[in-house]
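Keeping their order, the protein sequence lines are chains B and A. Under UniProt numbering, think of the first position of the first sequence as 1, with each following residue one higher. Under UniProt numbering, think of the first position of the second sequence as 1, with each following residue one higher.
Simulated from the structure, these hints should not be mistaken for laboratory data. It should be emphasised that the depicted structure is a prediction, and the values quoted were computed from it without experimental measurement. Some hints here could point you the wrong way.
Given that identical chains are not distinguished, each listed pair holds provided it fits within a single copy or across any two copies.
Computed list of lysine-lysine pairs in DSBU-like fashion (alpha-carbon distance at most 35 Å, straight line) [to be verified]: (1) Lys125 with Lys188; (2) Lys76 with Lys42; (3) Lys188 with Lys122; (4) Lys122 with Lys76; (5) Lys102 with Lys122; (6) Lys200 with Lys42.
Number of protein chains: 2
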Amino acid sequence: MRFARVATPEGLTFATVDGSVGQEVIRVIDGHPFEEPKYTGKQWPIAEVRLLSPVLPSKIVAIGRNYADHVAEVFKQSAETLPPTLFIKPPTAVIGPEAAIKIPEFAHDVEFEGELAMIVGKPCKNVNREDWKTVIRGFTIVNDVSSRALQFADGQWARAKGIDTFCPLGPWMETDIDAFDFSDLPIKAHLTRDGETETKQDSNSNQMIMSPGEIVEFITASMTLLPGDVICTGSPAGTAPMFPGDTIEIEVQGIGRLRNPVERA
Amino acid sequence: MRFARVATPEGLTFATVDGSVGQEVIRVIDGHPFEEPKYTGKQWPIAEVRLLSPVLPSKIVAIGRNYADHVAEVFKQSAETLPPTLFIKPPTAVIGPEAAIKIPEFAHDVEFEGELAMIVGKPCKNVNREDWKTVIRGFTIVNDVSSRALQFADGQWARAKGIDTFCPLGPWMETDIDAFDFSDLPIKAHLTRDGETETKQDSNSNQMIMSPGEIVEFITASMTLLPGDVICTGSPAGTAPMFPGDTIEIEVQGIGRLRNPVERA
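Just chain B, with the same shape it has in the complex (with noise of 0.2 Å):
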């Protein structure tokens, strides 16, 4: 089932999204996606609402280096002198589908990363790795903007990743999490420029180093997660510089297509 947040002509609300693409039907919910959905009859075709980010997480616990091949790429060692990393996004970077990602001026190699996103379901800690599955509610799609030229100049990357609208989330929830097969789900970056548009991510997730399970029980270990935490988990390779004026589009298998324009802030 696909949840989404929607603005509609009538106001705010949470709503499950049915029908193929183009065509989806809009069925508003009472209540809330951590749920069996309630409706309360209305229902609105998808172009005359706005889709919104699906939830908004208290926080956004991300796993960096935990594609091989986006680690060759960008710090030039293998993921055995390197190993996957953990680190947070502010709420406030959070947009939704079609909203701008607006880079400021300091902000330069500013990048697009295409990753699988999991929502948190239900308030956990120290959960172990086959039990993941009934702490996450469903997947979403992700968008980590970073800012090479911030990463490495202040080595923390909460600033580089963390501006306001640096993380793209959407453009619903999908919750059939069994639907999802890890050894090969495709995830892809397409980037338009100029009214081109190119495939520059075109990986799988048969090439993450942390599973699923294994970034849940990684960061439980640790952090308590609350329902409507987002769990980033890593971004392959083929992130490229984007400019004001591209649109980027991250498709993931199962969910859908994230697209957001680039504007300067």
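Could you slot chain A onto chain B? The hints should help.
Here is chain A on its own, set in the frame of chain B:
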């Protein structure tokens, strides 16, 4: 004026704190500490309430390497080669005064870091350094608990400093900002072990590299700050290992003391 968040026999509430050390009176307010207090008429002696963290931040943004003496002791470099940086602690790390810092087995070389913290009073972005007092509601004390082993192993500091209970905050927020003289504000940390108390940090805000105004300008160039968000201004020298059984008391002149026992998680 001092604002606290307290658990009273009648429930959780915000309150003001009046009176001298040990004899404080907690006066319950109707509303929140970001406006002039409206008193309900209820009051309690401090001994009959439990102080909680003074705010529940949506994010905790911290400046690392902001004291030259601490840069030298931890990183073995000068502040010129290793300038201040920015990192984020998650809200789930926050505890209040007297709550236990709980060290998990895998977190080695855990040290206290006594710091002055600013509490944001209004939503703000792109604040000029000279206007910082218009967006900061008050000051409190933070203990930026850090596992040095995880900090250096991970490279990123989010896990080392983001473990549950690793952000003691309090005991209250002091809003009389103008009473603080940053050219001479003593900051201390006292460690009690086996009944003996030793002052381990004994420094002064005159060692700060970035001033409060520069910090607010630096952060808000990237991130929107929201009411209740916390800015940790950096730790001076003297941080030291702590172990289960210890008690750590951070002291900032003009605010008071933040005391937390240390336990094994």
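Within, between, both or neither: Lys188, Lys122 at alpha-carbon 35 Å: Cα proximity of Lys188 and Lys122: one copy only (29 Å, versus 39 Å across).
Is it within a copy, between copies, both, or neither that the alpha carbon of Lys200 lies no farther than 35 Å from that of Lys42? Result: close neither inside a copy nor across copies, 39 Å intra and 63 Å inter.
Can you give me the call for Lys125 and Lys188, within, between, both or neither, at a CA distance of at most 35 Å? Answer is both; intra-copy 32 Å and inter-copy 33 Å each pass.
If the cut is 35 Å between Cα atoms, do Lys122 and Lys76 qualify within a copy, between copies, both or neither? neither (38 Å within a copy, 42 Å between copies)
How would you label the pair Lys102, Lys122 (within, between, both, or neither) given a Cα cut-off of 35 Å? Both, since 32 Å and 22 Å are each at most 35 Å.
With identical chains, the pair Lys76 and Lys42 could be close in the same copy or across copies; at 35 Å between alpha carbons, which is it: within, between, both, or neither? neither (53 Å within a copy, 63 Å between copies)
Against the hints set out earlier in the document, violations occur for numbers 2, 4, 6.
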